[in-house]
Amino acid sequence: MKKYLSTTRGNYHLTPHKQKRRKRWLILVIVFITVGLVFPWFISKVSEVVMYPVHSVVGWIKNSDDAIPVYLRSRNELLAEIEQIKAEQETKNGTQLTIRKLLDENIALRLMLGVSTSTDRVVAKVLSRPNTLAYDFLQVDQGEKQGVKVGAAVYSGLDSVVGVVVHVAEEYSFVELFTSPGFRSTAFVVGPNVFSTLEGMGGGIARVHLPQGLSLTDEQIVLLPGVFDGVYGEIVSVENHPTQPEQYGYVSPAVAMSSLYFVSIDKKVISLKTTEEIKDEVKEMVREKTRLDKDFVDAINFAEEELVDDFELATTSADIVEDIDNLNIEETENSSVTDL
Amino acid sequence: MLLRIFIFLLIASLSISPWYFFAVPFVIWYLFNFSGYELIILAILIDGYFGAFYNFPYLSVGVLVVVFLVDFIKPSLLMYTKNNEVVS
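Taken in sequence, the protein lines are chains E and G.
Going left to right, the first sequence walks through residues 1 to 340 as this note's numbering numbers them.
Going left to right, the second sequence walks through residues 1001 to 1088 as this note's numbering numbers them.
For the record, the hints were derived by calculation from the structure and aren't laboratory data.
Fair warning: there could be bad hints in the mix.
[As the list claims (entries may be wrong)] Calculated Cβ distances over 10 Å to all of chain G for the following chain E residues:
| # | residue |
| --- | --- |
| 1 | K86 |
| 2 | Q139 |
| 3 | G143 |
| 4 | E171 |
| 5 | E234 |
| 6 | D293 |
[Said to hold, decoys possible] Cβ-to-Cβ under 10 Å is the rule here; a few derived chain E residues that face chain G:
| # | residue |
| --- | --- |
| 7 | R21 |
| 8 | V35 |
| 9 | V38 |
| 10 | P40 |
| 11 | W41 |
| 12 | F42 |
| 13 | S44 |
| 14 | V46 |
| 15 | S47 |
| 16 | V50 |
| 17 | M51 |
| 18 | P53 |
| 19 | V54 |
| 20 | V57 |
| 21 | I61 |
| 22 | A80 |
Ideal placement from N, C-alpha and C gives every residue a C-beta, glycine not left out.
All chains should be built: construct the whole structure from the sequences, respecting the hints.
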């Protein structure tokens, strides 16, 4: 049996001689490593000299144009080239995404820059939205230092007004949205051409109510005459029960709250205006939006006094209604109705 | 002896080339067939070549550990006959 085994005669037990040799190697290696750690330049110089032939051979294989190295290299070079192209492609894809993102941001900023220079506004970035705040507010990153004031209108884009500043800190501000529950403002509905009250319903929706008999349909524009160029949005749904005295139009802003990234804040606070001024402004807005003839727009009769039974003061915030009331009484005495 | 020198030089060349991972099977084979102490010296020289001693010579320490580990477990992996002959 033994002769069929592949055997080698030898003694592999750990003899004292082997132990001694192992110890010798260990000491030598530790000395080398210690010298290397203490004098790294020394080990590097020694390595440079000792490894020179190996380095030359590897260099020859890597760079020479001789037959053998070329043969060895060709396949590896092709593989490496494939890897490099793959990596470049991946980088290119990543770069494209970055470019697109920057481009979008650039366009948004340019739009805001145009807005902020053409009109006296401050561009602000939206820090928090109602869904991340305890209140139905927007938090923006511009505050008192940048000239933001309480009562200033806040726009998305050029003329789409989204709310009013209600609190200003040094570095940030809070904006109450027109859709916040309890918020009331005078609105003008283009189409039936009537004034109404815009009420915040929450959840990004506001409501206008009009008497029965008026043509209230989807996609009619709702303007906020108290604010310069104040387009709020358009009617997205109409609730009309013939048995009820009023019909409701639900209004949604042009830009969804979740899509708001930049807003512009007017540096001026919303001011009080007379009815005549409001009417003129509304006519101007209607003419701009509908591009109708000036005479035709001037001929439009506003029917708010006749049609809206419960005529209320036009306001832009529920909080300042009372203040305005007092002011209105005085104005009424002077045969003028105040409005925002 | 010639084979040992050839494999040693091959390991040295592969270790500083882009195909360094091909050196690993040769190193393992070398360790189990010969005493691999010279590989520690080679690892120290390679670390010196790459300037690793300016930080920490991971390769040298790693090879040192592996060499002594293999040296320690090698007798347990061999079979002996009654006549103290090893079956390879």
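Verification of the supplied hints:
no. : hint : result
1   : K86  : holds (17 Å)
2   : Q139 : holds (48 Å)
3   : G143 : holds (49 Å)
4   : E171 : holds (45 Å)
5   : E234 : holds (65 Å)
6   : D293 : holds (79 Å)
7   : R21  : holds (8 Å)
8   : V35  : holds (9 Å)
9   : V38  : holds (9 Å)
10  : P40  : holds (4 Å)
11  : W41  : holds (8 Å)
12  : F42  : holds (9 Å)
13  : S44  : holds (5 Å)
14  : V46  : holds (6 Å)
15  : S47  : holds (3 Å)
16  : V50  : holds (5 Å)
17  : M51  : holds (5 Å)
18  : P53  : holds (9 Å)
19  : V54  : holds (5 Å)
20  : V57  : holds (6 Å)
21  : I61  : holds (7 Å)
22  : A80  : holds (8 Å)
No hint from the list above goes unmet by this structure.
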